[in-house]
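Number of protein chains: 2
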Amino acid sequence: MDALKMRILTDGRNLGNGILKVDGFINHQVDPVLIDACGRELAGRFGNLRATKVLTAEISGIAPALTTALHLGIPIVYARKTKPITMPNQVFLTLAPSHTKGRMVELIVSPEYLSKDERVLIIDDFLATGQTIAGLAQLAQAAGATVVGIGAVIEKIFEGGREFLRPLGVPIESLARISDMSEGRILFAD
Amino acid sequence: MDALKMRILTDGRNLGNGILKVDGFINHQVDPVLIDACGRELAGRFGNLRATKVLTAEISGIAPALTTALHLGIPIVYARKTKPITMPNQVFLTLAPSHTKGRMVELIVSPEYLSKDERVLIIDDFLATGQTIAGLAQLAQAAGATVVGIGAVIEKIFEGGREFLRPLGVPIESLARISDMSEGRILFAD
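These protein sequence lines map, in sequence, to chains A and B. So the first sequence is numbered by the working numbering: it starts at 4 and just counts up by one. So the second sequence is numbered by the working numbering: it starts at 4 and just counts up by one.
It should be emphasised that the hints constitute simulated quantities derived from the structure, not laboratory data. Each hint should be verified, as a subset may be incorrect.
No distinction is drawn between identical chains; accordingly, a pair holds when it is met within one copy or between any pair of copies.
[Stated by the list, open to error] In silico BS3-like pairs for lysine-lysine, Cα to Cα no more than 30 angstroms straight-line:
1) 24 - 84
2) 8 - 86
3) 119 - 24
4) 24 - 86
5) 84 - 119
6) 86 - 119
7) 8 - 24
These figures come from a predicted structure and were not determined experimentally.
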């Protein structure tokens, strides 16, 4: 998606060690027009999957998942990292490593909003190692739901997430595929 | 806003102690069509303020703030509760009490995305005691920015937030004003 790639090149920053800072338009400050366009594009790519729900993880997955869900006309559920008092005691819970926290975090979904007849499209801001997305897939599977697709705004190809998630056997789409961030570069695959 | 009030009556749950569960359409599962309509309505009510930025707090403020910002065509910044590694060392930080965690939480904004010429519209899912919103106002003021308005999806009038925030001297709008949650009731003010 050209508008996204241009924005990454102008406002993104390569902080080294594979860390791409996109705090100016995706992760802390959000450009709603760009994120809406990303959601429209992801919704278009997955339009034939008959997804019934978008699943993401708080916090930074919420914006792209919301706009994708808006364009598909289906609800979004965001997995919580702490259990709010409004959630029942019996939940679906899995652990996933947090890139930014350097430890495992919990991903929690209430069984009220994920059931066995659901067709789940997983959306996140980044596809990197794929471990958060794998955690979301496990939550869906724990509910007996079917994962039907995986979408990300930005993919860091060199972290291998696409291969890691391939056993799920579902289409994987990302809007900006970065192949190289060594020596300060930000190079796209296509 | 009638569609919102109807949804609160059909899918919301009064858990007692003033806790309104809206996890089915705002806080865990999100109805993107409803939240987009809420954003459109808030944007309309604040359309004459010449706001340059929407400010909210992660996590549950993100969805209504994003759709409001989308309809206003301005960026949104969400205050973080933990400082990510991509954020500079020098930040704006304030403390606010967390209703659901029962302790103080940090609200952190990078000075990169909040500056003194900014006109800030604060949006959150709930206006209850007003303390989170007051914390966001303090962040904006620390940056030298001007708070121009405050909007919430749901207001719990009986928690007094509107009076608490009145000294800020800005318009305060909410889309569903609940006046009474005693004895299992959910009563609207108008």
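Hints versus structure:
Proximity of residue 24 and residue 84 under a CA criterion of 30 angstroms is satisfied in both settings, with 22 angstroms inside one chain copy and 18 angstroms between copies. In this homomeric assembly, residue 8 and residue 86 come within 30 angstroms of each other (Cα to Cα) only across copies, at 26 angstroms, whereas the closest approach inside a single copy is 36 angstroms. In this homomeric assembly, residue 119 and residue 24 come within 30 angstroms of each other (Cα to Cα) only across copies, at 23 angstroms, whereas the closest approach inside a single copy is 37 angstroms. Taking CA atoms no more than 30 angstroms apart as the test, residue 24 paired with residue 86 passes in both settings, with 28 angstroms inside one copy and 13 angstroms between copies.
In this assembly of identical chains, the alpha carbons of residue 84 and residue 119 lie at most 30 angstroms apart only when taken from the same copy (22 angstroms versus 34 angstroms across copies). Taking the closest pair of Cα atoms, residue 86 and residue 119 come within 30 angstroms of each other only inside a single copy of the chain (22 angstroms); across copies the shortest separation is 37 angstroms, beyond that limit. Taking the closest pair of Cα atoms, residue 8 and residue 24 come within 30 angstroms of each other only inside a single copy of the chain (14 angstroms); across copies the shortest separation is 39 angstroms, beyond that limit.
Of the numbered hints given earlier, the model fails none.
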